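Those protein sequences? They're chains E and D, same order as listed. Per the working numbering, the first sequence starts with residue 1, numbered consecutively. Per the working numbering, the second sequence starts with residue 1001, numbered consecutively.
For the record, the hints were derived by calculation from the structure and aren't laboratory data. It is possible that some hints are incorrect.
To be verified - Partial selection, computed: residues in chain E whose CB lies under 8 Å from chain D: (1) G12; (2) I14; (3) V16; (4) T21; (5) T76; (6) G79; (7) D109; (8) I113; (9) N115; (10) I124.
Treat the numbers as computed from the prediction; the structure is a model and nothing was measured. Note that beta-carbon positions come from the ideal geometry of N, C-alpha and C, so glycine has one too.
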Amino acid sequence: MTDEIEKKVYRGRIKVPYKHTAGAYVEKFITEIGKNNKIFGVKCPKCGEISVPPKMICFKCFEKMEEWVELGNQGTITGFTVVTHSTPVMPLEPPFAYARIKLDGADTDFVHIINEGDPAKLEIGAKVEAVFKEKPRKRILDIEYFKLI
Amino acid sequence: MDKVAIVGCAQTKYEEDKIDLTYSELVFDVVKQLHNDLGISNDDVGCVITSSNDFNDGRTIANMAIQDAVGSVRKSESRVSGDGAFAFVYGAMRILSGSYDTVLVVSHCKCSEVNQYLVNNSIFDPYYQRHLGLDQISSAGLMANMYMNKYGITEEQAAKVAVKNRKYALSNPYAHLQKEISIDDVLNSKMMAHPLKELDLPPFSDGAVAMLLTNEEKAKKLTDTPVWLKGYGSCTDAYYLGHRNMTDLIALELAAKTAYKMAGVTNPLKEVDVFEVYDAFSFHELMIYESLGLCDKGEGGKFIDEHFDSQLPINKSGGVLSSNPTMANGLIRVAEIATQLMGKADKRQVDGAKLGLAHGMNGICSQGNCVLLFGGE
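Kindly produce the complete structure, drawing on both the sequences and the hints.
Next up, the structure:
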């Protein structure tokens, strides 16, 4: 940036740490992934739909979901994009894929990343499997990524 | 319903970096211009509604940063933290309440002041989506690819939307990007999030828009060309991307149905003369055609093929693909429709436009939608 432009700007930065309440659903889901390498969903008592990631309320039925169901660590791609743009918050070096994945046993799609940067190698209907992080950090990225199988 | 009129609008030119003006100064420019155009003073404004985003402005309750510029000190004021079209609705309700005969509605955004990828990443929930690094471009790529796959839409068809809107922008003195592009330019531009290339996506822009709403009595005193609110519908879809249908804009479809019903529109393609829609990316506008009922589901690509060489009255302003001061986009759509219905759109005027539709949007990939129908005199 030139001095001329720098003269016109007033630089700032907001850095505010949060300790969000995880809530029972996030806590169990993230803990099971990190400790046991298991992915869980929750089942709606009314429509029977199994949602992943788990959340308290089925928005279709407005019912509380309390039945936990273990899902497969594998699933099917229902949608994907390969990103080639880069931002400071991406978990992998681009190119890699963002995808919607229908995990085995789930009724909704799970959004995560796939460590594949060639769109020609990805297709809707392809099978993927979760790769877990060796040292979990209580993050959605304790599933480090999904890989094609 | 009682009548709500738009009696005047003012817009800045949209630009990449308005480095010489603070956002408050930008807002003052459009508000002062509106006062001058209408021959009113700040004392004639009963109430102020603004739309902005705290993350973009870098402080909470950011509306307080523009209170001098909108003239709201010691006046009734409130803010929508979201798209400007929703601020219009809030303003219209203030008129309909009977408490105010004039309401100033303003929206602004200076995208240049902060990294827009980081602001957009903060839209996502902190547990399940944010750490994946998602932003508006990656989620749009996901949506575009799913839509393309489901209905056999081609990248060429989507490119036609960008070509059309960028061509229209040449006739809009406020538009940010003022360079004509070809289908090949779009297809050969830098890949961002497959299948979206750089020219399938909007720029980031700085700018502001303001308008004055009034009741019927006041409208007649202030202008010969009032524009009347005829219909409104809004609808949101699921927040988590995996819990949403990303191949059809269902929430927009429901919002449009409500608005059409209120305005008595049964065949929008025939009855609505001019449209301004929130085209967040090229494929998105094709999906919008379908959800607004201009063509059948999955026919958005065919629709642009059929109308590409005609003067399709959709986004004559150049749309978001040409100017993208994010929070202001919905209110700009309203201002453009009002300008068309007043017959004051100069080179981009749709001759004889009597009924117009404006579409605003909140969140990622058409999560929250607002559809407004307006009629001229």
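Violated hints - listed by number, lowest first: 3, 4, 5 and 9
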